[in-house]
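J.: Build out the structure end to end from the sequences listed, making use of the hints.
Those letters in the sequence shown? Residues 1 to 184, by UniProt numbering.
These are calculated hints, taken from the structure and not from any lab test. Glycine residues also receive a C-beta, built at the ideal position from the N, C-alpha and C atoms. Among the hints, a few may not be true.
[Stated by the list, open to error] Simulated restraints on C-beta separations: (1) L166 <-> A58: 26 to 36 Å; (2) R3 <-> A151: 44 to 54 Å; (3) T14 <-> Q119: 36 to 46 Å; (4) G89 <-> G50: 13 to 23 Å; (5) A110 <-> A11: 48 to 58 Å; (6) S12 <-> L177: 22 to 32 Å; (7) A174 <-> G2: 33 to 43 Å.
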Amino acid sequence: MGRIRHFVREASITLTLALGVFLGVQAWLTRATPEQWAPEGMLAWLLPDGSEGRGTWADLRAQLGIRGDSPLALHVWATWCGICRAEEGTVTALAAERPVVTLATRSGDAATVRAYLRQRGLPWVTVLDADGRLAAAHGWRSVPVFAVLDAGDRLRHVTVGYTTGLGMRLRLWAATLRGTGAGG
Numbered sequence: 001m002g003r004i005r006h007f008v009r010e011a012s013i014t015l016t017l018a019l020g021v022f023l024g025v026q027a028w029l030t031r032a033t034p035e036q037w038a039p040e041g042m043l044a045w046l047l048p049d050g051s052e053g054r055g056t057w058a059d060l061r062a063q064l065g066i067r068g069d070s071p072l073a074l075h076v077w078a079t080w081c082g083i084c085r086a087e088e089g090t091v092t093a094l095a096a097e098r099p100v101v102t103l104a105t106r107s108g109d110a111a112t113v114r115a116y117l118r119q120r121g122l123p124w125v126t127v128l129d130a131d132g133r134l135a136a137a138h139g140w141r142s143v144p145v146f147a148v149l150d151a152g153d154r155l156r157h158v159t160v161g162y163t164t165g166l167g168m169r170l171r172l173w174a175a176t177l178r179g180t181g182a183g184g
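T.: Right, here's the structure in full:
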């Protein structure tokens, strides 16, 4: 019995330390994230059928029929990112259930991103951020990033690095429960 207690104690300490390190790294990586998702000016995007669109963020929301009072998942990725490739199936599954908009940052022009999406079989709504300015304006220097936008387009539950499907769904669920008062 003493060995089991010792093992449980050591495992608890190790898990607590690992969680602390993880949360500390997340806090550091998201330290420059503003409270508001605020893409300024005109955006360019690709729809799942490969067609292109241009307009404001409000125009994209309207075109997609995404109500302003429901949480929206935002997935920031790049064609050259291995971790992003590992999340593709999870993001695709989530997009089949919930509103998801992706942001292809530093990945080239519309033709390049469209070819990548087709090759990988990714039916995503993708905002184009060829030079990385939009991601940088929101404090994101690395990818992938997963965030939830609440009813007021405030950024909530922002994580950098691999996010599990369960983690994505829990973040969306928390934003739904808390409505506009969701915590970050």
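J.: If a hint holds in the structure, say so; if it does not, say that too.
T.: Hints, one by one, checked against the model:
Distance hint check for L166 and A58: the Cβ-Cβ separation is about 31 Å, which falls inside the suggested range of 26 to 36 Å. Checked against the hint of 44 to 54 Å, the pair R3 and A151 passes, with Cβ atoms roughly 52 Å apart. Checked against the given bound of 36 to 46 Å, the beta carbons of T14 and Q119, roughly 41 Å apart, stay inside it. G89 and G50 have their C-beta atoms about 20 Å apart, which keeps the hinted 13 to 23 Å range intact.
Range check, A110 to A11: about 50 Å between beta-carbon atoms, so the 48 to 58 Å window is met. For the pair S12 and L177, the beta carbons lie near 28 Å from each other, so the given range of 22 to 32 Å is met. Look at A174 against G2: about 40 Å separates their beta carbons, and that is inside 33 to 43 Å.
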